[in-house]
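Read off the chains here:
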Amino acid sequence: MLDKIGIAKRIAQELRDGWYVNLGIGIPTLVANYIPDGIEVEFQSENGILGMGPFPYDGEEDADMINAGKQTVTLQPGAAIFDSSTSFAMIRGQHVQLTVLGAMEVSDQGDIANWKIPGKMVKGMGGAMDLVASAENIIVAMMHANRVGESKLLAECSLPITGVKCVKKIVSNLAVLDVTPEGFKLLERAPGVSVDEIKNATAGRLVIEGDVPEMVL
Amino acid sequence: MNKVVANVSDAIRGIEDNMTLMLGGFGLCGIPENCIAEMVKTEVTGLTCISNNAGVDDFGLGLLLQNHQIKKMIASYVGENEEFERQMLSGELEVDLIPQGSLAERCRAGGAGIPTFFTPAGYGTEVGEGKEVREYNGKPHILESALLADFAIVKAWKGDTEGNLIYKGTAQNFNHVMAMAGSITIAEVEELVQPGELDPNFIHTPGIFVQRIFQGENYEKRIEQRTVRER
Chain A
9 MLDKIGIAKR
19 IAQELRDGWY
29 VNLGIGIPTL
39 VANYIPDGIE
49 VEFQSENGIL
59 GMGPFPYDGE
69 EDADMINAGK
79 QTVTLQPGAA
89 IFDSSTSFAM
99 IRGQHVQLTV
109 LGAMEVSDQG
119 DIANWKIPGK
129 MVKGMGGAMD
139 LVASAENIIV
149 AMMHANRVGE
159 SKLLAECSLP
169 ITGVKCVKKI
179 VSNLAVLDVT
189 PEGFKLLERA
199 PGVSVDEIKN
209 ATAGRLVIEG
219 DVPEMVL
Chain B
495 MNKVVANVSD
505 AIRGIEDNMT
515 LMLGGFGLCG
525 IPENCIAEMV
535 KTEVTGLTCI
545 SNNAGVDDFG
555 LGLLLQNHQI
565 KKMIASYVGE
575 NEEFERQMLS
585 GELEVDLIPQ
595 GSLAERCRAG
605 GAGIPTFFTP
615 AGYGTEVGEG
625 KEVREYNGKP
635 HILESALLAD
645 FAIVKAWKGD
655 TEGNLIYKGT
665 AQNFNHVMAM
675 AGSITIAEVE
685 ELVQPGELDP
695 NFIHTPGIFV
705 QRIFQGENYE
715 KRIEQRTVRE
725 R
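From first to last, the protein sequence lines are chains A and B.
If you read the first sequence in this note's numbering, its first letter stands for residue 9, the second for the next number, and so on.
If you read the second sequence in this note's numbering, its first letter stands for residue 495, the second for the next number, and so on.
By construction, these hints were calculated from the structure, which means they are not laboratory data.
Please note that a few of the clues may not be correct.
[As the list claims (entries may be wrong)] Using C-beta positions, here's what the derived DEER-type ranges look like: (1) B/565 with A/128: 22 to 28 Å; (2) A/86 with B/720: 24 to 30 Å; (3) B/628 with A/21: 23 to 29 Å; (4) A/12 with B/495: 29 to 35 Å; (5) B/720 with A/200: 47 to 53 Å; (6) B/631 with A/86: 28 to 34 Å; (7) B/633 with A/86: 54 to 60 Å; (8) A/208 with B/639: 32 to 38 Å; (9) A/190 with B/693: 55 to 61 Å; (10) A/156 with B/633: 33 to 39 Å; (11) B/584 with A/224: 48 to 54 Å; (12) B/609 with A/224: 50 to 56 Å.
[As the list claims (entries may be wrong)] To be clear about the criterion: a stretch of chain B counts as covered by chain A if any three or more of its residues have a C-beta under 8 Å from a C-beta of chain A, and this derived list gives those stretches: (13) 519 to 525; (14) 593 to 607.
Each residue gets a CB set at the ideal place from its N, CA and C atoms; glycine is no exception.
The whole structure should be built from the sequences, with the hints applied where relevant.
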């Protein structure tokens with residue numbers, strides 16, 4: 009089974025040279041720490057950064073330099089800063105090649121829910137709806153089941169959705185899956201996880217073809 | 495044209511009960527601290543505030559919320575604020591949550607004289623309910639409308655007496671589009687300079703969008719999430 013860092017490391021393997029990438033809050037943010045050797049990617053933060061760098065050294069934080077998670081960050085050489093409408097022009101205009109974000113639920117048609125639990129938690133969608141409606145390539149980083157063991161990979165989302173038929177790939181603590189017209193297609197198992205465990209943890213349609221390899225991190 | 499007002503009190507003159515305000519900033523980054531503090535003093539109430547976020551419990555728009563001066567909040571993300579969540583869930587506060595990119599574009603459109611536009615963001619979700627849908631390039635889009643405000647209140651790093659503004663770092667965020675969309679736009683700046691001192695090649699917001707400008711003071715610039723790495 010993967011921990012959060014394992015999920016981030018596996019997603020990092022999906023990065024390709026020359027891509028602009030938007031990373032959401034939480035596990036997706038960790039992906040920046042594991043860029044494969046020999047490739048160059050630039051991170052876009054929707055509050056207005058292209059070329060976002062790592063967290064600053066202690067004592068060098070700047071209140072005027074934050075990411076979309078409101079964390080203090082730095083800039084890479086060659087970075088650019090812009091206003092919010094320009095930032096979302098990059099996103100809606102499909103100039104960003106990959107979006108990685110977290111989810112509370114994903115349906116086997118690729119719907120995603122990650123912004124609201126009615127009557128309980130209402131934080132808002134932030135930029136998530138713009139991102140999922142526009143990005144050509146969306147990878148979701150998530151836990152396969154919730155704290156009480158219920159699957160978060162469903163036939164239909166039970167929570168209010170953030171976007172329709174948009175998720176392309178899921179990297180969970182148990183597996184890597186593609187979203188296909190037939191449902192979740194199991195591509196890889198997390199280390200030490202059996203196909204049966206993944207089956208039991210997946211409520212939506214699951215497609216299993218042949219031997220499913222264990223992922224290599 | 496000289497847009498300078500003497501102080502924050504003069505800057506917010508004319509903001510009355512039940513008006514609609516836009517306030518720049520992302521989280522606590524680039525928020526108009528001076529004007530917010532002054533509005534808390536005036537006890538103006540029934541405000542509709544358009545802002546990406548709602549501050550935290552004891553800073554930013556959270557101060558106006560605690561004082562029950564806000565009737566309605568239009569924002570994209572309102573986490574990190576318990577009082578906000580309490581007022582929203584109890585129904586005291588009306589809340590319109592809209593996708594961040596749509597919020598930015600609706601402000602920009604308001605300032606740019608574009609009354610409506612179609613965007614894919616929010617299609618098939620609660621946000622799209624009741625909105626006209628049109629398909630472009632094989633993809634459904636929803637109709638969104640421009641936003642305007644009685645007053646837009648923005649914060650810049652440097653500004654000149656003509657109202658030209660330059661933002662610092664990611665404090666640019668919503669400040670520029672909101673400056674465009676206010677009937678009266680108030681700019682508070684860390685450093686107010688004379689015409690000619692700002693390089694015209696590097697102005698973010700041209701002075702035509704700004705009606706009042708003043709040099710703010712005592713900026714706290716609170717950091718919401720202080721994250722650092724080991725040396």
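Quick rundown of the hints versus the structure:
1. B/565 with A/128: 22 to 28 Å: Cβ of residue 565 of chain B to Cβ of residue 128 of chain A: about 24 Å, so the range 22 to 28 Å holds.
2. A/86 with B/720: 24 to 30 Å: holds, 26 Å
3. B/628 with A/21: 23 to 29 Å: violated, 38 Å
4. A/12 with B/495: 29 to 35 Å: violated, 54 Å
5. B/720 with A/200: 47 to 53 Å: violated, 37 Å
6. B/631 with A/86: 28 to 34 Å: Holds, since residue 631 of chain B and residue 86 of chain A (Cβ atoms, about 32 Å apart) stay within the stated range.
7. B/633 with A/86: 54 to 60 Å: violated, 32 Å
8. A/208 with B/639: 32 to 38 Å: For residue 639 of chain B against residue 208 of chain A, whose Cβ atoms are near 47 Å apart, the range 32 to 38 Å is violated.
9. A/190 with B/693: 55 to 61 Å: holds, 58 Å
10. A/156 with B/633: 33 to 39 Å: The hint (33 to 39 Å, Cβ to Cβ) holds, given that residue 156 of chain A and residue 633 of chain B are roughly 37 Å apart.
11. B/584 with A/224: 48 to 54 Å: holds, 51 Å
12. B/609 with A/224: 50 to 56 Å: Distance hint for residue 609 of chain B, residue 224 of chain A holds at roughly 54 Å.
13. 519 to 525: holds (count 5)
14. 593 to 607: Contact hint for the region 593 to 607 of chain B vs chain A: holds, 9 residues under 8 Å.
In summary, the numbered hints that this structure violates are 3, 4, 5, 7, 8.
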